[in-house]
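Mind docking chains C, R and Y on chain P? Use the hints.
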Amino acid sequence: MASPMRSLAPEPQFATLEQQTETAQLGMWVFIATEVMFFGALIFTYYIYRLIYWEQFRLAAADTKILLGAINVAILLTSSLTMVLAVNAAKEGRQRALLVLLLVTAALGFCFLGVKGYEYVQDYNSSTVPSVNFLFKSGYHSPAELFWIFYFIATGFHAVHVTIGIGAILVMSWHARRGRFSPNYYSPLEVLGLYWSFVDTVWVFLFAAIYPLGRAIT
Amino acid sequence: MQWLPFWPPDASNTAASIDKIFIGELSLSLVILCFVFGMMIVFGVRYRRNSAADRSNLVKKTWHWELTWTTGSLAVFLALFVWGANMYLWLYEPPRHPDLEIYVVAKQWMWKAEHPGGQREINEVHLPVDKVVRLLLTSEDVIHDFFVPAFRVKHDVLPGQYQTLWFKPTETGRFRLECAQYCGTQHAHMIGDIVVQSQADYARWLSQQGVHKSLAQQGEQLFRSFGCSGCHGANSTVHAPSLTGLYGRVVHLQDGTTTTADERYLRDCILLGASHIQVAGYPPIMPSFAGQIGEDDLMKLVAYIQSLSRQQQASP
Amino acid sequence: MTAIAADLPTSYLTEEHTIASWLLTKDHKRIALLFFASITFFFFIGGIGAMLIRLQLLSPYGLLLQPDMYNRMFTMHGIVMVWFFLIPSIPATLGNFLIPLMIGAHDLAFPRLNLGSWYVFNLSGLFLLYTLFVGGVDTGWTFYTPYSTLFANGHVIGAAVAVFVNGFSSIMTGLNFVVTIHRLRAPGMTWMRLPLFVWAIYAVSIVMLLATPVLAMTLALVALERFMGVGVFDPALGGDPLLFQHMFWFYSHPAVYIMILPAMGVASELIACYARRPVFGYRGMAYAIMGIAVISFFVWAHHMFTAGISVYAAVVFSLMTFFVAVPSAIKVFNWTATLHKGRISFDAPMIYGLGFVGLFTIGGLTGLMLATLPVDVHVHDTYFVIAHFHYIMVGGTVSAFFGGLHFWWPKITGRRYPEMWARGAAILTFLGFNLTFFPQFILGYLGMMRRYYAYPPAFQEWNVLSSAGASILAVAYALPLFYLGWSLLWGERASANPWGATGLEWSTSSPPPKENFARTPVVKAAPYQYNPEDGSFVSQDGVAHA
Amino acid sequence: MTKKPEPILPYVIAWLVLMLLLGLSVLSAYLDLGFFHPFVNFGIAAMQAAIIFLVFMRLRGPPSLKWVFAGGGFFWLMFLYGLGVIDWVTRSGFPSQ
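Chains as they are written, first to last, in this note's numbering: chain P, 4 to 221; chain C, 882 to 1197; chain R, 4 to 549; chain Y, 44 to 140.
Same shape as in the complex, but just chain P:
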C-alpha cells in the first residue's frame, strides 16, 4: 500500500498520520476480501466436484501426503506468530528483535516452500501429476484426475502468494536494518503482517480441502 517511507508527516490527502495508518490497514482488509473471493472461486470448483464425485475425491485425496501437508500448516502458523511478534517489536521500538523476528518469518516461509517442493517430488514419484505423468491407479476414474488438477492449481497459486510474501518480508527486513521503523511509524509492517497471516489462513483452508478427506489407517 502507498505509505510514506521517509517523513513522519501524513500525505497531503490525510489529516493525521493516524488516519493514514488506519486507511492503509483498511485498504489491506479490502484487498483481503478480494483474495477471499479469488481463492473462494477456486474452492467452488472443488466443492461442486466433491459433491458429485464424493467417492473418487476421497480415494484420490487418500494418496496425498498428509504428514507433509500438516508440517506445512505448523510452519505457517508459527510464522504467523513470529510475524505478529515482529510487528509488536516494531511498535515497542525493539529494533534488533524486529529484525530477527522478520528474518525468522522469512526463513519459515522458505521452509514451507521447501517442504512443498519435496511434496511435489513425492507426488511426481507416485505418478499423480496431471498432464505430466498421471496414472489411473486401481479405483481411480477420470474424476480422480480432477482432484489432482485442483490440488496442483490450488497449491501452486498459494505458493505464488507465499513467495510474494517472502519477498515483501525481505524488503521490510532491509528497511528495518536501516532503522526505517519506529514506534511512531510501522504501518507497512502491520499491513504486511495482515497479508502474511491471511496467506496462512488460505493454507489452513486448503489443508482441510485436500488432505483429511478420510483415509484408512495404515
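Careful, some of the hints might be misleading.
To be verified - Listed next, with one range per pair, are the computed distances between beta-carbon atoms: (1) C:Leu1134 x Y:Pro53: 44 to 54 Å; (2) Y:Leu59 x C:Gln1173: 54 to 64 Å; (3) C:Trp888 x R:Val478: 25 to 35 Å; (4) P:Ser185 x Y:Phe122: 40 to 50 Å.
These are calculated hints, taken from the structure and not from any lab test.
Predicted model, so just to flag it, every value in this text is computed and none were measured.
Glycine residues also receive a C-beta, built at the ideal position from the N, C-alpha and C atoms.
Coordinates of chains C, R and Y only, in the frame set by chain P:
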C-alpha cells in the same frame, strides 16, 4: 400473427404459448414506454426553462409516490414471473411417453439424427405432424444448441451429457434448424431443416430409407459385441442386474440414495462403471467403457435398453 | 496539452509541463486524463470491429470477411469494448477525476496505487494488442469451455492473460474508491449528503472488488487447461462445462452493472442540474443503487436458462432477475418525476441524459422479457439479446459517458465546448442508435442468431437498416473528437461554475488547482438544492446563489 | 520513546490452540465420518481462521470498519456457493449418482 411482416411462422404447440406471453409483455412494455416518454415530453414542454408554468408546492414528501411505483412494478413483475415459470416447467419437462423419440448427435458442424427405426439423416430431421416428439441430444465436441425458431424452442447440447427437448409440430413444411451456441469457424453453417410431414408422408419417407435394422436392434448387436450380454444377459451366471424394465424405474444405490434410471443414468453407468455408480445389492464389477464407445453407439445402446422396458410394458 | 494550457491560471494542468510530470503523476486528475487517453484509443479499436461486423452483415452471404476472421472480429469487439472501454469508462475517468472533488478530498487514499492501476491497465492492453497482432482469438468474449480450452484455434491464453491483468486494474481502482469514500470525506459530508454519482461509484467499486477475483480465477483455470491440455472443465474427465458458465457469469453479470451503475450516477447529476430541481426521492435513488449492486450478484444464471441447468435453478434465478428490475424501475420513474415542475433547459448534456433514460427504459423492458423464462428460451443467443444489451451498455452507458464528459468538460479543461455542435451530436447519437439496434429486436425474434457471419437472405432488409444506423452512430461518436478538440484550443474560458450546479467540484476553480481546494471545504447542505421557482440554488458548501 | 511491551502470552496461547486444532484435523482424516467429514474439516479450518483473524491480525480495534470487509468476502462467497449449488442438487442427474 402471421400477417405481420416481421413475425416468424409458428408451427408447434409450444410456439403459440410463447407468442402469447411475448405479446403480453410487448403490450405492457408499450404502455410503460408511452407513459415514460409521454411524461418526459409533457414535462419537457410544460416546464421548459422560459415557460411561466407554476412551480410552487414542489413535491417534498416523495416516499408515497415511490412506494406506489415500487409495489406496482413488483406486483407486475411477480405476475410475469409466475406466468413464465409455469410455462417454462411445462416446456422443459419432456413427457414421459412421447409418440416419437429422435436421437440427435451434434458435432462441429453438423446435426446427425437417428430415428427409432434406424433411419439416419444429416442436417435434416423428418417429423410427423401432430405427434409429440422427444429429442435426446448430445454433442461429440463442444457445446452446440438445437434451435428451431418456428417452434420457439432451443436447448444447449453439451458434450458428455444428455439433454432432452420436446415439442409437437402442428404445421407441415420445412423449418429452419439452427445452432444457437457459438461452436467455431463454421457455426453459421451448422444449420439444417426440420421437415414436418403428414403422418402418411412420414411413414412413406421412413420406409424409403432402406434400413433393415431398428436402432434398438443395432443396439442389441452392440450389446453383444461389447460383451454386455455376458453379465446382463438372461442366461448369465454373473450376479449383474437384469436390464429388462430398468429404464424409467427407480434404482436404489449402495450409499442409500435413489435415482431414476433415465438416459443420463444409463449413459453414466456405461461410461463410468461400478466405481462411480454402485447399485445396492450387486458386487462392484461393472467396468468403465469410457473412451471405448462413441456417442452414436452409446445412443444405440440406450435405445436398446429403453426398448427392453417398452416390450415389458407391451406384454405385462 | 501543455502548450494549450500555457496561458491558463495555475491549475493541475499547468503546474508542471514535463512528460515525466504526467507519466509519474500521483494527481488523480492527471491520472483520469491518462485513463481517458487509453480508453479512447480502445473505444476506436473496438469501434472498428463494430463497423466491420456491420459491413459484413450488409450481405447475407458473408462476402467481406472469412468466417474465421469474422469470429475473431466479434470476439475482439466484445473483449475490447467490455474490459477495455465500458468497465473503466466512467469510473476510471470521470470517477477518478470527480470522486475526490465531490467529497472534498485532496486526492484518493492511495495515489500511487491509482497510477499503478493505469500502468497495469496499459500492460493488459499491450497483452491484448499482442494477441490481436499474432492472430486474435475466436472464442467470443465469453470464452465458453470446452471450445476455448480444447477446440479454439486462436490465442486464448494471450487473451485470458490480458483480461486477467486487466482485472487487477479494476480491483486497484475499486479498492481506492471504496477506501477513499469511507475515509476521506470532507467534514459535514455525511453519507446522505453524497451526490448520487458518488453513491454509484461506491456501489460499482464494491461490485468490482467482489466479482473481479472470480473472473480472474475462472480465466486462470481456462488458460491453465489450455496450456496443460487437462483441466477442471474437461468433459472427458467428468468436468462440467456449466461450472465454467456459472463462474464466468458470477462475474460477468455483475459486470453489466459495473457498466451501467456509474451511468445512472451521471444521469442523476445531469437531470437534476438541467431540470434545476432536487432529485426526486434522493434516498430512494441511493438505496436503489445499492440494491441493484447487491441483487446483481444473485441473478447470474439467467444467462444459462437454455444451457442445461436444472429447471428449478432457472426458476430461482428468473425470480431474482425480476427482483433486480424493481430498483431499476424505481430509478426510471424517479428521473421522470424529477422533471416535474422543473426549470428544464436542453443543453447537450441534458439531451444525452434524457436519451440515456429513454434508451435505458427500452433496454430494461426488453430485459424483463428476457427474464421471463419461456421468452428467453426462444430469443436466447439471438439478435434480440444483442439489441437488449446494446441498449443498456451503448445506449445507456456510452450516452451517459458522453453526457458526463460534456457536463464536466469545463471543469476538466477550463474551456466551454461549442453548444450547437454538441446538441447536434447528442441528437444524432439517439437517432443513430435506435436505427442501429431497434431492427435487431425484430431480427432476433425472427430467429437471427448472434455470431453468424452469414444469414438467411430474408433478414437482409433489417440488417441493412441496422448497418445504416451504425454509420450514423459512427459519425455521432466521432464528432465530439473534433469539436471537443477544437474547444481545447479556441473554446471560451469557463468560469468555476458555468452550469450553476451544487456539487463541491464546482466550488473550486476550472480547471482545479493541483491540491483541489485552497482549504478543505466544509459541507453544510444536501446535494441538489436547486429552487425551480426562481432558479436559485444552494451549493453543498452552504453558499446560496441567486 | 518506548511503549509498554505487549504481553507475549496471549499470542503463544493462540498458537498452541491452533496447533491443537491442526492435530484434530489430522486425526479426523483417519475417522470415517461419512457425510459429515467436510463439515468437520472445514469447521476446524474456520475455527483456526477465526483465531488467526482475531489474534494475529488484530481484527478487534480501530478502524472497526475492517470487520465489514474481513467478513464481507466470506459472506459474499456464501451467495456463490448457496445459489450455485442449487443447480447441481436439483439437476436431473448430472451425473446420476
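Here is how each hint holds up against the structure:
Checked against the hint of 44 to 54 Å, the C-beta distance between Leu1134 of chain C and Pro53 of chain Y comes to roughly 50 Å, which is consistent with it. Leu59 of chain Y and Gln1173 of chain C have their C-beta atoms about 55 Å apart, which keeps the hinted 54 to 64 Å range intact. Between Trp888 of chain C and Val478 of chain R the beta carbons are some 33 Å apart, a value that agrees with the proposed interval 25 to 35 Å. For the pair Ser185 of chain P and Phe122 of chain Y, the supplied restraint of 40 to 50 Å holds, since their beta-carbon distance comes to about 44 Å.
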